[in-house]
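Peer 1: Here is what each chain is made of, one letter per residue.
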Amino acid sequence: MSADDHRARTPPRASATFDQYAIAEIHRAASTGIYDIRGFGAKRKLPHFDDLLFLGASISRYPLEGYRERCGTDVTLGARHARKPITLQIPITIAGMSFGSLSANAKEALGRGASLAGTSTTTGDGGMTVEEREHSKTLVYQVLPSRYGMEPDQLRKADAIEIVVGQGAKPGGGGMLLGQKISKRVADMRTLPEGIDQRSPCRHPDWTGPDDLEIKINELREITDWEKPIYVKVGAARPYYDTALAVKSGADVVVLDGMQGGTAATQDVFIEHVGIPTLAAIRPAVQALIDLDMHRKVQLIVSGGIRNGADVAKALALGADAVSIGTAALIALGDNDPRYEDEYRKLGTTAGCYDDWHEGRDPAGITTQDPELVKRLDPVAAGRRLANYLSVLALEAQTIARACGKSHLHNLEPEDLVALTMESAAMAQVPLAGTSWIPGKSG
Amino acid sequence: MVTASSIARASRNSVLDLAAISLREVNQLLHDTDSGDFLIRNPRGAHSLACGLDGDMSVTIDGHVGYYCAGMNKRASVIVNGNAGTGLAEYMMSGFVHVKGDASQSAGATGCGGLLVIDGNASARCGIALRGLDIVVKGSVGHMSAFMAQAGSMVILGDTGDALGDSLYEARLFVRGSVKSLGSDCVQKEMRDEHKAVLRRLLDDAGVSGVDVAEFKRYGSARNLYHFHVDNAGQY
Numbered sequence: 001m002s003a004d005d006h007r008a009r010t011p012p013r014a015s016a017t018f019d020q021y022a023i024a025e026i027h028r029a030a031s032t033g034i035y036d037i038r039g040f041g042a043k044r045k046l047p048h049f050d051d052l053l054f055l056g057a058s059i060s061r062y063p064l065e066g067y068r069e070r071c072g073t074d075v076t077l078g079a080r081h082a083r084k085p086i087t088l089q090i091p092i093t094i095a096g097m098s099f100g101s102l103s104a105n106a107k108e109a110l111g112r113g114a115s116l117a118g119t120s121t122t123t124g125d126g127g128m129t130v131e132e133r134e135h136s137k138t139l140v141y142q143v144l145p146s147r148y149g150m151e152p153d154q155l156r157k158a159d160a161i162e163i164v165v166g167q168g169a170k171p172g173g174g175g176m177l178l179g180q181k182i183s184k185r186v187a188d189m190r191t192l193p194e195g196i197d198q199r200s201p202c203r204h205p206d207w208t209g210p211d212d213l214e215i216k217i218n219e220l221r222e223i224t225d226w227e228k229p230i231y232v233k234v235g236a237a238r239p240y241y242d243t244a245l246a247v248k249s250g251a252d253v254v255v256l257d258g259m260q261g262g263t264a265a266t267q268d269v270f271i272e273h274v275g276i277p278t279l280a281a282i283r284p285a286v287q288a289l290i291d292l293d294m295h296r297k298v299q300l301i302v303s304g305g306i307r308n309g310a311d312v313a314k315a316l317a318l319g320a321d322a323v324s325i326g327t328a329a330l331i332a333l334g335d336n337d338p339r340y341e342d343e344y345r346k347l348g349t350t351a352g353c354y355d356d357w358h359e360g361r362d363p364a365g366i367t368t369q370d371p372e373l374v375k376r377l378d379p380v381a382a383g384r385r386l387a388n389y390l391s392v393l394a395l396e397a398q399t400i401a402r403a404c405g406k407s408h409l410h411n412l413e414p415e416d417l418v419a420l421t422m423e424s425a426a427m428a429q430v431p432l433a434g435t436s437w438i439p440g441k442s443g
Numbered sequence: 001m002v003t004a005s006s007i008a009r010a011s012r013n014s015v016l017d018l019a020a021i022s023l024r025e026v027n028q029l030l031h032d033t034d035s036g037d038f039l040i041r042n043p044r045g046a047h048s049l050a051c052g053l054d055g056d057m058s059v060t061i062d063g064h065v066g067y068y069c070a071g072m073n074k075r076a077s078v079i080v081n082g083n084a085g086t087g088l089a090e091y092m093m094s095g096f097v098h099v100k101g102d103a104s105q106s107a108g109a110t111g112c113g114g115l116l117v118i119d120g121n122a123s124a125r126c127g128i129a130l131r132g133l134d135i136v137v138k139g140s141v142g143h144m145s146a147f148m149a150q151a152g153s154m155v156i157l158g159d160t161g162d163a164l165g166d167s168l169y170e171a172r173l174f175v176r177g178s179v180k181s182l183g184s185d186c187v188q189k190e191m192r193d194e195h196k197a198v199l200r201r202l203l204d205d206a207g208v209s210g211v212d213v214a215e216f217k218r219y220g221s222a223r224n225l226y227h228f229h230v231d232n233a234g235q236y
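Protein chains in written order, with our numbering: chain Z, 1 to 443; chain S, 1 to 236.
A hint or two may mislead.
The calculated label-pair distances, taken between Cβ atoms and stated as ranges, are [unchecked claim]:
hint, chain 1, residue 1, chain 2, residue 2, range
1, Z, Asp-188, S, Arg-192, 19 to 29 Å
2, S, Ser-94, Z, Gln-20, 55 to 65 Å
3, Z, Asp-153, S, Lys-100, 40 to 50 Å
4, S, His-227, Z, Arg-339, 26 to 36 Å
5, Z, Ala-381, S, Met-191, 48 to 58 Å
6, S, Gly-82, Z, Asp-153, 45 to 55 Å
7, Z, Val-130, S, Arg-192, 34 to 44 Å
8, Z, Glu-134, S, Ser-94, 19 to 29 Å
9, S, Ser-22, Z, Gln-154, 23 to 33 Å
10, Z, Val-130, S, Ser-94, 14 to 24 Å
11, S, Ser-94, Z, Asp-378, 34 to 44 Å
12, Z, Asp-153, S, His-227, 25 to 35 Å
13, Z, Asp-378, S, Asp-162, 51 to 61 Å
Read the hints as simulated data drawn from the structure, not as lab findings.
Glycine included, each C-beta is placed from N, C-alpha and C at the ideal position.
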């Protein structure tokens, strides 16, 4: 073969459609006959807060002095109907995650970290553990379709109630907790046989639509003597109508979870292909509140892919009252820590990519019920890490807000933002950077 | 004028008239009390009546009630001289709830303990996600009853709708009449002496006499869906 023949040959060319991941997944599906289940949230590239920038102050905008002038971060939730609304020092809450999917130490660490930072944490499927109530100054109690582990006494011990209609990772989907994580304690809390694969329903057992939801909310208010703020959590799908219907049903707070929001165990196809990105969900939800004259009266908490203070500031600038973090909180505790790299390799993955949270073999002791692995997570130290992280989020958001001349994070507004791409400009309804053009808005 | 404070001073053996005082006031009084006998008049289909009770009290409601009557009940005895709406005694923890008429959908949903007796019929999803409550329905039940029921017993003296006990866990179902169809993983099981004893006790507790336990069939979980397996995918 001559040198010319070599040059005439085309190099191997990977298909953009059938890329390496797609081919491997077809092989895996053909080999096992079962879909892939995993934790974490959507991993595909999506329009997100990174596609937005703050403009900062200029001749026409007056900035605040970084280390001298106050920039408030507090938020009050639930004043619409509750006799005892809650006030948080920072507008960053810890999202609902269950004992069962997480270890007791992890739940305790979340409570400790949130309390140190002056914010709330949230229960999950399986009810309230003693550890998390003891260590959570402000605890939100989830009422989920499964009602696993729920108790009226726990409801009364909570500081707020969150009715979960859906979550961003799987709007329209139920939950699952595979047998390896159904320890005796988890089974007892859920009234289930030990070691079985537990399926959580996708619909509530005793209400089916917005009219019923209104009556359900009133029942919960009656049971708790109208003390507790009642949140309604929805996965981002039809945010305008879901927000409007939640408000109509009497919610004090709407929690809106975008598709980057995490899950303990869901089909990969569900995580990646159902729901809409957080960025696309916020403005329609805020618009619904404005149209009902309920913006800032019913609070909006946004979650799904919040990683840093810039994300916090951008969500608030788009109209949210607070944000919520789940995946980021677990990472702060120590999830996907490179110090466990050798063990991640044994599990067929690597630090930064570990998402088999459903298997219960988490080297960091967070998404597991294995007593030996659980011991690895010191709830005091992990709680401190979470508190540090929450503090950084708040400080970063304040830094940006001061640069925009805002004396409170809630004074951030869409006018402070521009978009880097047409997609994000359209979704966030802010101008493309360097232009006054908002796709779909200004001709 | 009747106020919450005046109600709070009322005796433990009170007549509470919903034509004169609000639902909030009635429920608050019952929450602030841990014993006594109460008669509630003019419920007029009120939702969430006598919900969240926690006390050794007896509450009789003269008339029809709306959604979630006796929801999350603990220890109390609640008797409804009428029909009940959706979610009767949902998430009941203990005590006794007795409806003299019919009950709408999701009666006893996710109930954890105690005894619920319905003299008439119950609609769809009766005993859905049951987890320890015992339910006796003297009439018939609608479709998807005992869906995903985990623990406790359901006794149905009449017939059932479609998909009884779909995706059942460890709850026990006793049916005297016909079963229109069984749901996934629900099968008829042998009625042994221990089951007959349980059934007899439940019938006695519900005030059912003159009925032979031999007239009932028992249904339970085949436990084939306890662990996800691709070969069972068609059943999910």
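Peer 1: All the hints need checking, so say for each whether the structure fits it.
Peer 2: Results of checking the hints against the structure:
no.: 1; hint: Z:Asp-188 to S:Arg-192: 19 to 29 Å; in the structure: holds, 26 Å
no.: 2; hint: S:Ser-94 to Z:Gln-20: 55 to 65 Å; in the structure: holds, 57 Å
no.: 3; hint: Z:Asp-153 to S:Lys-100: 40 to 50 Å; in the structure: violated, 30 Å
no.: 4; hint: S:His-227 to Z:Arg-339: 26 to 36 Å; in the structure: holds, 34 Å
no.: 5; hint: Z:Ala-381 to S:Met-191: 48 to 58 Å; in the structure: holds, 56 Å
no.: 6; hint: S:Gly-82 to Z:Asp-153: 45 to 55 Å; in the structure: violated, 29 Å
no.: 7; hint: Z:Val-130 to S:Arg-192: 34 to 44 Å; in the structure: holds, 39 Å
no.: 8; hint: Z:Glu-134 to S:Ser-94: 19 to 29 Å; in the structure: holds, 25 Å
no.: 9; hint: S:Ser-22 to Z:Gln-154: 23 to 33 Å; in the structure: holds, 27 Å
no.: 10; hint: Z:Val-130 to S:Ser-94: 14 to 24 Å; in the structure: holds, 21 Å
no.: 11; hint: S:Ser-94 to Z:Asp-378: 34 to 44 Å; in the structure: holds, 39 Å
no.: 12; hint: Z:Asp-153 to S:His-227: 25 to 35 Å; in the structure: holds, 33 Å
no.: 13; hint: Z:Asp-378 to S:Asp-162: 51 to 61 Å; in the structure: holds, 52 Å
Hint compliance for this structure: hints 3, 6 are broken, all remaining hints hold.
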